[in-house]
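Chains A and B, in that order, are what the protein sequence lines are. FYI, the numbering for the first sequence is 1 to 303, going by my numbering. FYI, the numbering for the second sequence is 1001 to 1303, going by my numbering.
There could be a bad hint or two in this list.
Claimed, not checked - Each computed DSS-like pair below joins lysine-lysine, with the alpha-carbon atoms no more than 30 Å apart:
hint: 1; chain 1: B; residue 1: Lys1105; chain 2: A; residue 2: Lys105
hint: 2; chain 1: A; residue 1: Lys114; chain 2: B; residue 2: Lys1114
hint: 3; chain 1: B; residue 1: Lys1105; chain 2: A; residue 2: Lys9
hint: 4; chain 1: A; residue 1: Lys294; chain 2: A; residue 2: Lys27
hint: 5; chain 1: A; residue 1: Lys129; chain 2: B; residue 2: Lys1129
hint: 6; chain 1: B; residue 1: Lys1114; chain 2: A; residue 2: Lys105
hint: 7; chain 1: B; residue 1: Lys1209; chain 2: A; residue 2: Lys105
hint: 8; chain 1: A; residue 1: Lys209; chain 2: A; residue 2: Lys129
hint: 9; chain 1: B; residue 1: Lys1114; chain 2: A; residue 2: Lys209
hint: 10; chain 1: B; residue 1: Lys1148; chain 2: B; residue 2: Lys1129
hint: 11; chain 1: A; residue 1: Lys105; chain 2: B; residue 2: Lys1148
hint: 12; chain 1: A; residue 1: Lys148; chain 2: B; residue 2: Lys1148
hint: 13; chain 1: A; residue 1: Lys105; chain 2: A; residue 2: Lys129
hint: 14; chain 1: A; residue 1: Lys114; chain 2: B; residue 2: Lys1209
hint: 15; chain 1: A; residue 1: Lys148; chain 2: B; residue 2: Lys1294
hint: 16; chain 1: B; residue 1: Lys1294; chain 2: B; residue 2: Lys1009
hint: 17; chain 1: A; residue 1: Lys9; chain 2: B; residue 2: Lys1114
Stated by the list, open to error - Partial chain A-side listing against chain B, Cβ under 7 Å, derived:
hint: 18; residue: Glu93
hint: 19; residue: Leu126
hint: 20; residue: Ile263
hint: 21; residue: Ser265
hint: 22; residue: Pro270
Because the hints were derived from the structure by calculation, they are not lab data. For glycine and all other residues, C-beta sits at the position ideal for the given N, C-alpha and C.
2 protein chains.
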Amino acid sequence: MPKLRILSKHEDEYRRLIEAANLRDLKILPAPGLEADILFGEPDHIRAVLASFPALAWVQANWAGVEPLLDPALRRDYILTNARGVFGPLMSEFVFGYLLLHERKILQRLAAQKEQRWDPTLTGTLRGKTIGLLGVGSIGVELARTAKFFGMRVHGFTRSSETCPDVDEYFHADLLAFVSGLDYFVSVLPNTIETRHIIDAQVLNALPKHAIFINVGRGSAVDESALVRALETGAIAGSVLDVFEQEPLPAGHPLWSAPNTFITSHTSAPSFPEDIAQLFIENYRLYVDNKLLKYVVDFERGY
Amino acid sequence: MPKLRILSKHEDEYRRLIEAANLRDLKILPAPGLEADILFGEPDHIRAVLASFPALAWVQANWAGVEPLLDPALRRDYILTNARGVFGPLMSEFVFGYLLLHERKILQRLAAQKEQRWDPTLTGTLRGKTIGLLGVGSIGVELARTAKFFGMRVHGFTRSSETCPDVDEYFHADLLAFVSGLDYFVSVLPNTIETRHIIDAQVLNALPKHAIFINVGRGSAVDESALVRALETGAIAGSVLDVFEQEPLPAGHPLWSAPNTFITSHTSAPSFPEDIAQLFIENYRLYVDNKLLKYVVDFERGY
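Please model the entire structure based on the sequences and the hints provided.
This is how it looks when you write it as structure tokens:
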């Protein structure tokens, strides 16, 4: 009989949601529950106790990013699955909220309003603009779909895959060529050795001056000193940053006050318990039937 | 041979766009061009000279709202067509820009950023929220489609039509019942005698307290004094107002500083000349073939 330990700040809510699903054979253990074969929760919570579960067979993380569990010093004798699919629509709301803020000149109109000044300045539009997605996984696919909904042109940069029908043009090798034609440049990259500081001064300088950079992947993909310089010198027009090399972003960090920059404190796609519980429930039904789980993480690749 | 006069502040641009289409038999007249049978341009420009064109057969307005030409004292011995279809996507960008601003707490996060304060406050989401459309014409249909894209529930209030597949529930008679279940209430109503002050204190008080009111139709549909009171007393949570009983909204008007209110100076869906010229070109091809024109306005109904 499968035994589950929930390791989460939302433990009570997850327990309630999972119990409501009446899953076959599942026993949810109280703390410490060291005989569990399944762990479910936040990767950092799980990391802290990972060594204590001798029968461990499966870990379902409730985040997309599972860096805490990828440390080569940690055990890897279990199946690790992460949360996917649920974040794409939330990320789309985030990204397109800021794109529309920019195009519709919402802050400028608000400034005019404060002066009680009628401001018929013509609005911009997303239609016809080009968005570039650095990474076209489950989140990138959803961003591409939303961009097409709004009549945008979509460029995608991937290692080799070209499977998303909403991407108009794929790039694989030349990152500078990829960014040079963009109005909006969105990084959805995970934190891996290969992505570290891939967005550097050269890439930022290759963007058009009117381009906006949005980071909803991981902060490690960006050379933040180069980004501050690009913003301060006007090499790019602005940025929307949800993730950082160090989180929380320390007070005094120059990104807090960089020109035309929005700092959003890693809130772009929260793990809503009702979404994540559903994902666990689906995967549990596969687990109990000895079927292949969904969203299995490759420890070497890192996602 | 059809003869066209363009009466617009964008006359040169329209002329260039229309000439580029090489329309069969069309002659574009210079001013004053009183022998024209076709007028094309802004309704207020056209109104000023409407009586001067004895051969007038067709007026293509480049706005959706044609109030200036509906005055019963004016001639009605011609076919009036307005601009439709092109505004829906622009209105969608506008409405959903402000909805996302609200859900994603963009201004609150910006305030935290000014204090260099990491603010992990959970975000809201459009998914599962209910939007109510007062008027489901070509613009309402597009708003409904966008709302469904973002996973919202859509209620529609119409006289009798129930043709939009993206509306989950229709209302026809009871406006108070319609608004009582909404998170977002959007008026897309034109300016007609029947719509005047239809959004009054009773309607505003029937909205849930957390609801946001958005007006992208015409200002005349709203009792603005009642709206100011509803905002000041917290009967509703906020408003986004693109249109007003008097435009420009006069300095000193209490709406400028009403709580949680955004004043956007009639910019929600500009008439981009490339869109409107295209619409004229399509209608001209019907006109020269003696076919029924698209977007014909009913002078009595007013749209």
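Checked hints:
no., hint, result
1, B/Lys1105 - A/Lys105, "holds (17 Å)"
2, A/Lys114 - B/Lys1114, "holds (18 Å)"
3, B/Lys1105 - A/Lys9, "holds (23 Å)"
4, A/Lys294 - A/Lys27, "holds (21 Å)"
5, A/Lys129 - B/Lys1129, "holds (28 Å)"
6, B/Lys1114 - A/Lys105, "holds (19 Å)"
7, B/Lys1209 - A/Lys105, "holds (28 Å)"
8, A/Lys209 - A/Lys129, "holds (14 Å)"
9, B/Lys1114 - A/Lys209, "holds (25 Å)"
10, B/Lys1148 - B/Lys1129, "holds (10 Å)"
11, A/Lys105 - B/Lys1148, "holds (25 Å)"
12, A/Lys148 - B/Lys1148, "holds (15 Å)"
13, A/Lys105 - A/Lys129, "holds (16 Å)"
14, A/Lys114 - B/Lys1209, "holds (25 Å)"
15, A/Lys148 - B/Lys1294, "holds (27 Å)"
16, B/Lys1294 - B/Lys1009, "holds (24 Å)"
17, A/Lys9 - B/Lys1114, "holds (29 Å)"
18, Glu93, "holds (6 Å)"
19, Leu126, "holds (6 Å)"
20, Ile263, "holds (5 Å)"
21, Ser265, "holds (5 Å)"
22, Pro270, "holds (6 Å)"
Checked against the numbered hints above, the structure violates none of them.
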